[in-house]
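Chains as they are written, first to last, in numbering that gives the first Met the number 0: chain A, 0 to 276; chain B, 0 to 276.
These aren't lab readings, by the way, just hints derived from the structure by calculation. All values derive from a computational prediction rather than experimental measurement. No residue lacks a Cβ here, since even glycine has one placed at the ideal position from N, Cα and C. Treat each hint with caution, since some may be false.
Simulated crosslink set (DSSO-like; lysine-lysine; CA at most 27 angstroms straight-line) [said to hold, decoys possible]: (1) 70(B) <-> 33(A); (2) 27(B) <-> 155(A); (3) 4(B) <-> 70(A); (4) 225(A) <-> 272(A); (5) 174(A) <-> 272(B); (6) 80(A) <-> 70(B); (7) 173(B) <-> 230(B); (8) 174(B) <-> 174(A); (9) 70(A) <-> 272(B); (10) 173(A) <-> 27(B); (11) 141(B) <-> 230(B); (12) 230(B) <-> 272(B); (13) 174(A) <-> 80(B); (14) 70(B) <-> 44(A); (15) 27(B) <-> 11(B); (16) 173(B) <-> 141(A); (17) 70(A) <-> 174(B); (18) 141(B) <-> 14(B); (19) 155(B) <-> 155(A); (20) 51(B) <-> 141(A); (21) 51(B) <-> 155(B); (22) 70(A) <-> 80(B); (23) 155(B) <-> 173(A); (24) 155(A) <-> 272(B); (25) 173(A) <-> 173(B); (26) 44(A) <-> 11(A); (27) 174(B) <-> 155(A).
Distance windows between CB atoms, simulated [to be verified]: (28) 163(B) <-> 205(A): 28 to 34 angstroms; (29) 249(B) <-> 31(A): 54 to 60 angstroms; (30) 69(B) <-> 140(A): 23 to 29 angstroms; (31) 33(B) <-> 12(A): 34 to 40 angstroms; (32) 33(B) <-> 77(A): 52 to 58 angstroms; (33) 197(B) <-> 173(A): 30 to 36 angstroms; (34) 34(B) <-> 110(A): 24 to 30 angstroms.
Protein chains: 2
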Amino acid sequence: MISRKQLIEQIKQKKSFLCVGLDTDIDKIPEFLKQYPDPILEFNKRIIDATKDLCVSYKPNAAFYEARGIKGLQSLIDTWKYLPTDTLNIIDAKRGDIGNTSDKYAKAFFDENASGMSFDAITITPYMGNDSVTPYLAYEGKWIIILALTSSVGSKDFQYLQTGDGYLYETVIKKANTWAGADRIMYVVGATKSTEFTNIRQYAPDNFLLVPGVGAQGGSLADVCKYGITKDCGLIVNASRSIIYASNGEDFADAARAEALSMQRQMQVELEKAGVI
Amino acid sequence: MISRKQLIEQIKQKKSFLCVGLDTDIDKIPEFLKQYPDPILEFNKRIIDATKDLCVSYKPNAAFYEARGIKGLQSLIDTWKYLPTDTLNIIDAKRGDIGNTSDKYAKAFFDENASGMSFDAITITPYMGNDSVTPYLAYEGKWIIILALTSSVGSKDFQYLQTGDGYLYETVIKKANTWAGADRIMYVVGATKSTEFTNIRQYAPDNFLLVPGVGAQGGSLADVCKYGITKDCGLIVNASRSIIYASNGEDFADAARAEALSMQRQMQVELEKAGVI
Numbered sequence: 000m001i002s003r004k005q006l007i008e009q010i011k012q013k014k015s016f017l018c019v020g021l022d023t024d025i026d027k028i029p030e031f032l033k034q035y036p037d038p039i040l041e042f043n044k045r046i047i048d049a050t051k052d053l054c055v056s057y058k059p060n061a062a063f064y065e066a067r068g069i070k071g072l073q074s075l076i077d078t079w080k081y082l083p084t085d086t087l088n089i090i091d092a093k094r095g096d097i098g099n100t101s102d103k104y105a106k107a108f109f110d111e112n113a114s115g116m117s118f119d120a121i122t123i124t125p126y127m128g129n130d131s132v133t134p135y136l137a138y139e140g141k142w143i144i145i146l147a148l149t150s151s152v153g154s155k156d157f158q159y160l161q162t163g164d165g166y167l168y169e170t171v172i173k174k175a176n177t178w179a180g181a182d183r184i185m186y187v188v189g190a191t192k193s194t195e196f197t198n199i200r201q202y203a204p205d206n207f208l209l210v211p212g213v214g215a216q217g218g219s220l221a222d223v224c225k226y227g228i229t230k231d232c233g234l235i236v237n238a239s240r241s242i243i244y245a246s247n248g249e250d251f252a253d254a255a256r257a258e259a260l261s262m263q264r265q266m267q268v269e270l271e272k273a274g275v276i
Numbered sequence: 000m001i002s003r004k005q006l007i008e009q010i011k012q013k014k015s016f017l018c019v020g021l022d023t024d025i026d027k028i029p030e031f032l033k034q035y036p037d038p039i040l041e042f043n044k045r046i047i048d049a050t051k052d053l054c055v056s057y058k059p060n061a062a063f064y065e066a067r068g069i070k071g072l073q074s075l076i077d078t079w080k081y082l083p084t085d086t087l088n089i090i091d092a093k094r095g096d097i098g099n100t101s102d103k104y105a106k107a108f109f110d111e112n113a114s115g116m117s118f119d120a121i122t123i124t125p126y127m128g129n130d131s132v133t134p135y136l137a138y139e140g141k142w143i144i145i146l147a148l149t150s151s152v153g154s155k156d157f158q159y160l161q162t163g164d165g166y167l168y169e170t171v172i173k174k175a176n177t178w179a180g181a182d183r184i185m186y187v188v189g190a191t192k193s194t195e196f197t198n199i200r201q202y203a204p205d206n207f208l209l210v211p212g213v214g215a216q217g218g219s220l221a222d223v224c225k226y227g228i229t230k231d232c233g234l235i236v237n238a239s240r241s242i243i244y245a246s247n248g249e250d251f252a253d254a255a256r257a258e259a260l261s262m263q264r265q266m267q268v269e270l271e272k273a274g275v276i
């Protein structure tokens, strides 16, 4: 569990707002790890050890684990257990279902007694509206991170539709802000949409934004900060592939650290520029 | 794997377009089942045995299994193995993520070698657009079932937004119809929205519609058919709680059968009325 205040404290302390995405793919990890009983877990542990002083958040994407059935789910549970307790640990699950079913997904990711895992935050898809979101809020202190404007190619298909009250993604933010405050809700906004941040900050001045798309997908950290940073930082920038697959040799953890360090240094500059630190 | 033609054949043969939703909740199943090594699986097996001549589809909702961690996933895998091969076996997962991640979800639910399961169809949330949908289509013969107009209370929040081209849910249908045909795509349309079916049939004259919300949620089968049935039927109507929890005593499977039979009989009347059989 990590509160807004604790998150901001940690950003200031580590001079970083980096999230490391644990999109761990058995076909992309170094060959030598396959001698371990759980190569995915071994990979994640070493990535975590190599980066935990440089980032404020970890984000496993559920799909990468689900694709491996039972053994994948076991890797996810064991990875969750290994995550630091002071980082914001996000399950990138992009769930969304009616009320009584959302309650089950909340159990799956927030209730250790039920499922073996208790992440601090979950990503949620907003299409089904209010009752697909609020059951998660019953878990005190947990965060929901709602998809607003994604870095996907397909984001143009629906998220940019004009709804009479701006684009659909703006309507999503305005509506969701009536459900809970900036201490419980974050939004996903892709780094590839940096000029939209100015716009988003009108409706979500205080919400943290989880920003994928820097690195492998081509978004620019400087642009994201230029338009999106606030006095409390207000950003968590995720990088997955560019960090965890920086090398696929025996030095992969060192290479991941070097890449994370390079991002942390750029982030420190941005935090100083914005007067956060 | 079940093609459109096979599905229609089966509907005609069984005189039914019923889908039984396996939203199996450990807190709601009969107490005596808890003596079995896997009470959820035991419950599902008996429900399947009791209903398989009366329905054309089964639909486990992933959340109910995920809420129980490893043992829940094992129940889901073992339930999938027990499903008849001639029914349309849908995983109600409501997934949606960017391209390379959707590919992992496709593995999770369509690739038995990867995950232990290979359903015939998966429900998909459309918010992220094209690349969150198309990876599933790479699996030949598999279906995607896209959320259009759901039976959730929150459906009004976004699905009814005016996009300049009708409601958002209509835009979703029109757009998704450019991605694949009625032999690969179905849409979710809640039974509680029966008058909207007339509208939907303008854009999706041939697509099968998966219709939740009859039964516990209060939708009417007669209304759904009045506005939504086609010459090929074009409907799969789901009932979950009203069938599987018809009784919570030792007679639960018999009670489920009685409830399924009652629905099958109403469906037969509708199929005759529409000239499908």
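Hints, one by one, checked against the model:
1. 70(B) <-> 33(A): holds (25 angstroms)
2. 27(B) <-> 155(A): Measuring from Cα to Cα gives roughly 42 angstroms; hence the hint is violated.
3. 4(B) <-> 70(A): Outside the cut-off at roughly 36 angstroms; violated.
4. 225(A) <-> 272(A): Holds, at about 10 angstroms.
5. 174(A) <-> 272(B): violated (43 angstroms)
6. 80(A) <-> 70(B): Holds, at about 18 angstroms.
7. 173(B) <-> 230(B): holds (21 angstroms)
8. 174(B) <-> 174(A): Distance ~24 angstroms between residue 174(B) and residue 174(A) Cα, so the pair holds.
9. 70(A) <-> 272(B): violated (50 angstroms)
10. 173(A) <-> 27(B): Violated: residue 173(A) and residue 27(B) sit about 37 angstroms apart, past 27 angstroms.
11. 141(B) <-> 230(B): holds (23 angstroms)
12. 230(B) <-> 272(B): holds (10 angstroms)
13. 174(A) <-> 80(B): It is violated: about 42 angstroms lies between the C-alpha atoms, which goes past 27 angstroms.
14. 70(B) <-> 44(A): holds (24 angstroms)
15. 27(B) <-> 11(B): violated (33 angstroms)
16. 173(B) <-> 141(A): violated (37 angstroms)
17. 70(A) <-> 174(B): Not OK: residue 70(A) and residue 174(B) at ~37 angstroms, beyond 27 angstroms, violated.
18. 141(B) <-> 14(B): holds (24 angstroms)
19. 155(B) <-> 155(A): holds (22 angstroms)
20. 51(B) <-> 141(A): violated (41 angstroms)
21. 51(B) <-> 155(B): Since the Cα atoms of residue 51(B) and residue 155(B) sit roughly 35 angstroms apart, the hinted pair is violated (cutoff 27 angstroms).
22. 70(A) <-> 80(B): Answer holds: residue 70(A) to residue 80(B) is near 18 angstroms, not above 27 angstroms.
23. 155(B) <-> 173(A): holds (15 angstroms)
24. 155(A) <-> 272(B): Given that 27 angstroms is the threshold and the Cα spacing comes to 42 angstroms, the pair is violated.
25. 173(A) <-> 173(B): Since the Cα atoms of residue 173(A) and residue 173(B) sit roughly 26 angstroms apart, the hinted pair holds (cutoff 27 angstroms).
26. 44(A) <-> 11(A): With a Cα-Cα distance of about 25 angstroms, the restraint between residue 44(A) and residue 11(A) holds, given a limit of 27 angstroms.
27. 174(B) <-> 155(A): holds (11 angstroms)
28. 163(B) <-> 205(A): 28 to 34 angstroms: At 31 angstroms between Cβs, range holds.
29. 249(B) <-> 31(A): 54 to 60 angstroms: With a Cβ separation near 55 angstroms, residue 249(B) and residue 31(A) satisfy 54 to 60 angstroms, so the hint holds.
30. 69(B) <-> 140(A): 23 to 29 angstroms: holds (25 angstroms)
31. 33(B) <-> 12(A): 34 to 40 angstroms: At 49 angstroms between Cβs, range violated.
32. 33(B) <-> 77(A): 52 to 58 angstroms: violated (28 angstroms)
33. 197(B) <-> 173(A): 30 to 36 angstroms: holds (31 angstroms)
34. 34(B) <-> 110(A): 24 to 30 angstroms: Hint holds: Cβ distance 25 angstroms, inside 24 to 30 angstroms.
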